[in-house]
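All chains, please: the whole structure from these sequences, using the hints.
Chains as they are written, first to last, in my numbering: chain A, 41 to 108; chain B, 760 to 1126.
Please note that a few of the clues may not be correct.
[What the hints assert, rightly or not] Here are the simulated lysine-lysine pairs, BS3-like style, with alpha carbons at most 30 angstroms apart:
#, chain 1, residue 1, chain 2, residue 2
1, A, Lys-94, B, Lys-913
2, B, Lys-873, B, Lys-887
3, A, Lys-94, B, Lys-923
These aren't lab readings, by the way, just hints derived from the structure by calculation. None of these values were measured; they are calculated from a predicted model.
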Amino acid sequence: MSSTNKTIQQKIEELNQMLAWFDSDDFSIEAAMEKYKLAEAQASEIESDLNGYKNEINVIKQRFDTEA
Amino acid sequence: MAESTNQITYSVSDFIAVLNQTLDYAYPAVVIEGEVASFKVNQGKYVFFDLKDADGSINCFMTVWQLRLPIEDGMKVVVSATPKLTQWGKFSLTIKSIRPSGEGAIKKSYDILKAKLDKEGLFAPERKRLIPEIPTHIGVISSVQAAGYTDFIKILDDRWCGIKIDVANVQVQGASAPDQIIRAINYFNQLEVTPELIVITRGGGSADDLSAFNDEPLVRAIAASRIPTVVGVGHEVDETLADLAADVRASTPSHAAQLISPSRIELVRLNYQKVQSVIPRINYRIEKDLSIVRSIVVDMTDGMSRFIDNQTARLHIVRQTLNQLNPQTILNRGYAIIRGSVELGSLVEIETNKVILEAEVKNVINK
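Structure representation (structure tokens):
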């Protein structure tokens, strides 16, 4: 599990931005390999997060069988 | 009340009160099944009808607000009621709850309410809101003992993680189910930090089991929820009015879990696929740059080649010119070169293309 506080969705968004660079005017062959490695690491981190997190279930104490 | 000769003499109203006390004690609540006849609503508030079978009939009374489903003459219903003698001596049932009984009546009531709510626009597609692609906080309204709830949580756990799931444990069938679900909807809607969506779910059951989800106030509460709703009730073939009012309709609890969450396995696969997809793009950019370089080299080669050809052509012309000016070329055309003084008696040297000879000048004529 990642130590950062970013949500999985934020990390997915970051990955998408990294990949968008390859289609942008900023693309340079010199930087491409490094960017590729970063994107690969980000995908790996997302996978690790997805395998590490669990859903958090909380059954509400309030009863609903009578008016509160 | 007066007592004479061991017999109690009641006033009329006392007797009615005593009889009602006795009835209350003996039958605090009775559940009766019968057919509705002479159904009418007075002043928009009070509902009167007869409950009958082949051999008997009882007057019934209730308020219009207790009607959770459309009722009409001929419909078979089950009522929960208290028997009562009115001050006019008329025996009647005061209805606490009423619901259609039997497939025919349930279907008829369902169709009437569906048409009514549809006309009001509660099921209109333009009312449907989008749910978040990846939710982080959801409210679930279900019975935690129900198989449908277990299925929902299992599929959700399999598919996705990191979701905060607040569960309102309610009855999902029976007379009190609609009100409990409505309270849970209101509870989530009144929170300071509301969940991103509400999932209402239960597993399959008979038409009677699922009838709680055709309750008019519940359907209206779902439609009125400011939090988007997902309803997954029963099996694929079941359709409830709660389904139709929801922003997203799921055919089963498992399907509800699938609709609200992406598959983590699929997402991981997709992420790696997206990363891999940049390799052809890098190759394309490299190929594009190489193509530009190749084009420059070709242009340079072509330029050099043209320059050399030009210079070669010019050299050729110069060579031809030089060749034309070469004295030997002139001699070859039959001319001769004369060297020496052109005077009578002097010796001159004459060069042709083949020989050089000496000659004496014997005559000079001016032109």
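Verification of the supplied hints:
no. : hint                     : verdict
1   : A:Lys-94 with B:Lys-913  : 12 angstroms, holds
2   : B:Lys-873 with B:Lys-887 : 17 angstroms, holds
3   : A:Lys-94 with B:Lys-923  : 9 angstroms, holds
Checked against the numbered hints listed earlier, the structure breaks none of them; every hint is satisfied.
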